[in-house]
Amino acid sequence: MKKILIVIPSYNEEKSLLKNYQAIIEYNKKHKIKYDVILVNDGSIDNSEKICSENNIPCISLIHNLGIGGAVQTGYKYALSHDYDIVVQFDGDGQHDIRYVKNIIRPIINSDADMVIGSRFLKKDKDSFQSSKMRRIGISIISFFIKLVTGKKIYDTTSGFRAINKKIIYLFAKDYPVEYPEPVSSTKILKMGYKIVEVPVCMKDRVNGVSSLKNMWKQIYYMFNVILSILLVTRGSDK
Amino acid sequence: MSINLVVLSGIFSVIIILLVLYLIKKENVNIKYSLVWLVLFVLLLICLFVPGLLAFITKMLGFQTSSNMVLSLLISVLVIINIVNTIINSKQDKKIRLLIQEISIMKSNDKN
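Chains as they are written, first to last, in this note's numbering: chain R, -5 to 233; chain X, -6 to 105.
It should be emphasised that the hints constitute simulated quantities derived from the structure, not laboratory data.
Nothing here was measured: the structure is a model prediction, and the numbers come from that model.
Some hints could be false.
Between beta-carbon pairs, the in silico distance windows are [claimed, not checked]:
| hint | chain 1 | residue 1 | chain 2 | residue 2 | range |
| --- | --- | --- | --- | --- | --- |
| 1 | X | Lys84 | R | Ile131 | 29 to 39 Å |
| 2 | X | Leu14 | R | Trp211 | 31 to 41 Å |
| 3 | X | Ile81 | R | Lys13 | 30 to 40 Å |
| 4 | R | Ile54 | X | Phe56 | 53 to 63 Å |
| 5 | X | Val29 | R | Asn209 | 12 to 22 Å |
| 6 | R | Lys13 | X | Ser65 | 56 to 66 Å |
Below are the EDC-like pairs computed for lysine to aspartate or glutamate, each with C-alpha atoms no more than 20 Å apart in a straight line [to be verified]:
| hint | chain 1 | residue 1 | chain 2 | residue 2 |
| --- | --- | --- | --- | --- |
| 7 | X | Lys19 | R | Asp169 |
| 8 | R | Lys161 | R | Asp106 |
| 9 | R | Lys44 | X | Glu95 |
| 10 | R | Lys185 | X | Glu20 |
| 11 | X | Lys18 | R | Asp106 |
Glycine included, each C-beta is placed from N, C-alpha and C at the ideal position.
Please build the complete structure, drawing on both the sequences and the hints.
Okay, structure coming up:
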């Protein structure tokens, strides 16, 4: 039986935190599954820490904000030290749906992939949240560059809904990009010869809280940085 | 600006750009901090090799010679970069202090 950990990086998500955690616990009970959860509280300045301790939510509270890369890597380090077989990154804002976790981990359990990305853009579902037009253009530009550098097409380059196996847990716990982690880490893994598979998922619209990428200049700056990061990814010295 | 100076500045700019890209690739520097060096020297290269651009900017800013202008602008940018680095260093000081305090408290909790 594979040990599965769901890592929830969370910054100032006090409004949706408890609801999301309870949804996972309900799902576990209903389907007689054991998804372990670790919430990484990325130096939130709201009541996230209080809510976690009051409700016995397994939580690592970072003493300083590190950003999504640092928070998720903390989860990977935790997974490595607790010998988990599969880690699923699950965003703390309520956009990801626990029911898709089984689809995301299946290719790993079947040894068909080292990393699985839950993709919003494989299934054309009108009801599902497809993200704004600008973001979709940005995502396809990033996709183009990843294909340029690795030869492999990834449709949802910024999806945080992803699962990795033990080999990748070890790699990411050791070294994980601080900025733009999703596209850069995918590129690095592909360059090292690991296998990435995408499965279709539906994501919900952000219910509470604010996305961290708001205005246009920031988005252009982000795009420029991601593209440069992707172009400069190396194979690294170990596999 | 004399042709020697243009070529020399151009070579220097290319070396710096390659060096910064190499450092980013080897993951010795963060992209967000090195971006300013890349942008600066790419802009310098553009000014050096687009005919007339350097002379135009020199005249517009009121300098006598292009070499004076390039030097002054570079120094000004370096000052700004240094001030930004000072801010970054101060933030890092804060983070380190926080780490020291938290770890020390943890150690003393373990002991007691």
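**OP:** Against the earlier hints, flag every one the structure doesn't satisfy and list their numbers going up.
**Re:** 2, 11
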